[in-house]
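Q: Please construct the entire structure, taking both the sequences and the accompanying hints into account.
Protein chains in written order, with numbering that gives the first Met the number 0: chain V, 0 to 480; chain E, 0 to 418.
Derived from the structure by calculation, the hints contain no laboratory data.
Cβ atoms here follow ideal geometry from the backbone N, Cα and C, with glycine treated the same way.
A portion of the hints provided could be inaccurate.
Reference excerpt, derived from the structure (chain E facing chain V, CB under 8 Å, subset only) [what the hints assert, rightly or not]: (1) E58; (2) T94; (3) G122; (4) T172.
Here are the simulated distance ranges between beta carbons [stated by the list, open to error]: (5) V/D95 to E/T239: 22 to 28 Å; (6) E/N91 to V/E454: 37 to 43 Å; (7) E/P237 to V/N107: 28 to 34 Å; (8) E/G253 to V/D316: 44 to 50 Å; (9) V/P58 to E/K267: 51 to 57 Å.
If the Cβ cut is set under 7 Å, some of the chain V residues that face chain E in the computed set are [said to hold, decoys possible]: (10) L280; (11) T306; (12) I390; (13) K464; (14) R475; (15) T476.
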Amino acid sequence: MNQHYDIIIIGAGVSGCAIARELSKYDAKILVFEKDEDVCCGTSKANSAIIHAGYDAKPGSLKAKMNIRGNELMTKLAEELDIPFKRIGSLVVCTDEALREGIEELYNRGIANGVPDMKILSCEEVMQMEPNISDDVVCALYAPTAGIICPFRLNIALAECANQNDVEFKFNTPVTKVTQIENGFLIETPEGELYSNAVINAAGCHADEIHNQVSANKLHITPRKGDYMLLDRSCEGFIGHIIFPQPTSMGKGILVTPTVNGNTLIGPTAIDTDNKDEAPLTSEGLEKVVLGSAKNVKNLPLKQVITGFSGLRAHEDGGEFILEEVKDCPGFFDCAGIESPGLTACPAIGEYMAKLVADKLSLSKKQDWNAICHDVIKPFELPEQERDQLIKEHPEYGRVICRCETITEGEILDAIRRTLGARSLDGVKRRTRAGMGRCQGGFCSPRVMEIIGRETGISFEEITKNGGDSKILLGRTKDES
Amino acid sequence: MRADIVIVGGGPAGLAAAIAAAKEAPELSILILERDNELGGILNQCIHNGFGLHTFKEELTGPEYAERFEQQLVGHNIRYLLDTMVLNVASNQVTAVNSNDGVFTVDCGAVILCMGCRERPRGALNIPGLRPAGVFTAGTAQRLVNIEGYIPGKEVVILGSGDIGLIMARRLTLEGAKVKAVCELMPYSGGLKRNIVQCLDDFDIPLLLSHTVIDIKGKERVSSVVIAEVDGSLKPIPGTEQEIKCDTLLLSCGLIPENELSRAADIKIDPATNGPIVNESFETSVQGIFACGNVLHVHDLVDYVSEESSRAGKSAARFVKKNEIETAETKNIRIQKGSGVRYTVPCTVRIANLEDDLIIRFRSTGVFKDSYIDVQFDGEQKIHRRKQIITPGEMEQVILKREELEQCIDEITVSITEG
Chain V
0 MNQHYDIIII GAGVSGCAIA RELSKYDAKI LVFEKDEDVC CGTSKANSAI
50 IHAGYDAKPG SLKAKMNIRG NELMTKLAEE LDIPFKRIGS LVVCTDEALR
100 EGIEELYNRG IANGVPDMKI LSCEEVMQME PNISDDVVCA LYAPTAGIIC
150 PFRLNIALAE CANQNDVEFK FNTPVTKVTQ IENGFLIETP EGELYSNAVI
200 NAAGCHADEI HNQVSANKLH ITPRKGDYML LDRSCEGFIG HIIFPQPTSM
250 GKGILVTPTV NGNTLIGPTA IDTDNKDEAP LTSEGLEKVV LGSAKNVKNL
300 PLKQVITGFS GLRAHEDGGE FILEEVKDCP GFFDCAGIES PGLTACPAIG
350 EYMAKLVADK LSLSKKQDWN AICHDVIKPF ELPEQERDQL IKEHPEYGRV
400 ICRCETITEG EILDAIRRTL GARSLDGVKR RTRAGMGRCQ GGFCSPRVME
450 IIGRETGISF EEITKNGGDS KILLGRTKDE S
Chain E
0 MRADIVIVGG GPAGLAAAIA AAKEAPELSI LILERDNELG GILNQCIHNG
50 FGLHTFKEEL TGPEYAERFE QQLVGHNIRY LLDTMVLNVA SNQVTAVNSN
100 DGVFTVDCGA VILCMGCRER PRGALNIPGL RPAGVFTAGT AQRLVNIEGY
150 IPGKEVVILG SGDIGLIMAR RLTLEGAKVK AVCELMPYSG GLKRNIVQCL
200 DDFDIPLLLS HTVIDIKGKE RVSSVVIAEV DGSLKPIPGT EQEIKCDTLL
250 LSCGLIPENE LSRAADIKID PATNGPIVNE SFETSVQGIF ACGNVLHVHD
300 LVDYVSEESS RAGKSAARFV KKNEIETAET KNIRIQKGSG VRYTVPCTVR
350 IANLEDDLII RFRSTGVFKD SYIDVQFDGE QKIHRRKQII TPGEMEQVIL
400 KREELEQCID EITVSITEG
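A: Pasting the structure below:
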């Protein structure tokens, strides 16, 4: 592995992959290191999946600028990369007359930040838009440019696009040490070492550790845990917009939102922890999610919960995105402290960071860059004739493997065979939704394992949930051994 | 495509319904649509014995029991399609997909829903902790062991005392795994008494009633779970926590009838069973669509599934032949669940359609000792039967004769009263 790259990116979350895609427009040898087995394994996989309008962040801050620009760029990006994205609009709901001023304050901040088309709605207007809104509603800030997205597809598609434009990816490879040397950097990993002219640190919750190896100006990131609950698609239509409470110093609060796939998502909590790698759900957290969501929305069908999950936000002490070349380490670029609105901001972060790095290395643009990338073909989302033709030509698209989400063998094969394809149950799940439905993989996981084994040659016993030691099986039965 | 009766699902319910319909009306064409690659449904992975004591008066394994029915398909006007997923159901048309025919519709005279049930997954139980590999529903583990030939774990804790969990406690023990405990949230077991004895007691596996799992540890694979005793309101009692080292957590915490197709067809669902509301003919609120087996209500014995499904199949055949089944205009007697009764199947009776007896199946809301099963017609006591023990894990039934029912005008009430 003793090679030389122009740019090393550490971390294959949405930020790292968005930067990788932007930099793939240039003539440069680029490698992305990821400690986990796949893209989208950290903060990017467990969040609210919201494209924020941009009224939250302080005017003039990087968070505000990146939010607004990211929101603007998202429509085109979603088209180019075939990402499910819907601008359904958000409502920040005020349920206490005494706090009405807060809504006006948010509105003014939104105006200062450049959020288009916002409106403060009366109680009646809100009730008309959302019949299940709390009876206590006083008024709400409506922002039509807010939207919902598939965070998995966003991250995966950014990586696929970067990869098809010659960016290399190395999974299961944590960067253990970065050292500045003459004319560049020495990067050490358990797999060996290599050299690079520039390093981009997009290591999420671990970005401070990487940064602090090369700089005297220390960063400190606190993993801020958030618990969520996901309701079955049978609740589709229960709510039509993203419903936020009024924000606090800990964040935007517990929201209720539809997802692009018709589920309803509630959460998150916000609890500072000291564990960057594990985010356990807690019963207190789930209780808070239930109580918090009930403040703004009534009659939530909580019996329809199909799963709970927890994510970590990378909160830097300064509370601001850090997007810059490190002053005492030229050639080393931080993309750190990317908490909310990081998902929204990622296209803007990619654009901004790529420009910094390209200018630094005086990179020139490629002639043949390809912006387009296609999602896994979903037969049941195609027009009838196309669907029938597809199944005729590829019968595997007529074999349903995941019953709950109606996912076919064809889709699973595509997820495995495509560029940077899935190698684990979770990898297949994030690319196809197989196992994401109401039975949570109870029926389909053994079948998906068979398909992974058949396609990749990984033995049945070695197949994992999400890489590492997360094996599903621990041996053969007495009859078979 | 065209068939007189389409049966959605080729498990025990679908097979019994098909055969009964064919026997009732040999001239009708019957089509079974099965999503798996073989008939028999969940019976195929139930390799333990104990099936068929009522139906065949002998003890069979699951696959043997299924085979008895599959053999009866031969010689009847019954076709089946495997690897075929039904996408949409209406009373006279079913849409499905498979790799040979693509998406296709079947025009039909009646539909029988036999989709069975699914297991309640971890997410729906809100169990705190990490999300490592090694958490399975008992049925998934059963498939991995009995069909695929692999063991999911070596040191196992089971949450929930449903029958599949109990069966898997024994199965994994026989495979050399150590089952450290079965925790049950409720103060009583959710499974059959005979399974507690044969699957736990015989292997010295402790059943911890009023216990639940409050934490799952292990980043990649389960490394331990924390259990705790719960109080009367099912909340964990501080100080009773106990960490158990294990690599696997199995869940056997309830089965949910799979009624997504039914809901999409606007069929009325009973919130107590999560299955369709049916009448004496097992007809749902949508005329021409019938339901039986675990999609209707979760059964403890497959024999009851077969018996019930035979009646549903017969009714569907009579419906298609017309005039042999009275439709909604006839007098409907309501069956009410009284105290101590969680649900009844059926919910209404049209006496004109009864050939002989009416079987009302029901489950209790809790454990009752030395109590009585009461049946009232329009408020007047008809049955007062003593029963030593009634538990939610075992289905109960009362049988009413047709001539008795003639006396009833509006309402039958089934209840359980303390002695």
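Q: Does the interface hint hold: is V/T476 within less than 7 Å of chain E, judged Cβ to Cβ?
A: Because about 5 Å separates V/T476 from the closest Cβ in chain E, which is inside the 7 Å limit, the hint holds.
Q: Under 8 Å, Cβ to Cβ, is where E/T94 needs to be relative to chain V, so tell me if that hint holds or is violated.
A: Where the cut-off is 8 Å and the nearest Cβ of chain V is about 11 Å from E/T94, the hint is violated.
Q: Per the hint of 28 to 34 Å, is the separation of the Cβ atoms of E/P237 and V/N107 within bounds?
A: violated, 47 Å
Q: Take the shortest C-beta to C-beta distance between V/R475 and chain E; is it under 7 Å?
A: At 6 Å from the nearest chain E Cβ, V/R475 passes the 7 Å test, so the hint holds.
Q: Closer than 8 Å between Cβ atoms is the bar; does E/E58 clear it against chain V? Give me holds or violated.
A: violated, 21 Å
Q: Using the Cβ atoms, figure out if V/D95 sits within 22 to 28 Å of E/T239.
A: violated, 40 Å
Q: Confirm or reject the claim that E/G253 and V/D316 have a C-beta distance inside 44 to 50 Å.
A: holds, 46 Å
Q: Could one say that the CB atoms of E/N91 and V/E454 fall in the range 37 to 43 Å?
A: holds, 41 Å
Q: For the hint on V/K464, just tell me whether its beta-carbon gets within less than 7 Å of chain E.
A: holds, 4 Å
Q: Any CB of chain E closer than 7 Å to the CB of V/L280?
A: holds, 5 Å
Q: Would the hint on V/I390 be counted as holding, given a Cβ-Cβ threshold of 7 Å to chain E?
A: holds, 4 Å
Q: Identify whether the interface hint at E/G122 stands, where standing means a beta carbon of chain V within less than 8 Å of its own.
A: Cβ of E/G122 sits 3 Å from chain V, so the hint holds.
The structure shown violates the earlier hints numbered 1, 2, 4, 5 and 7.
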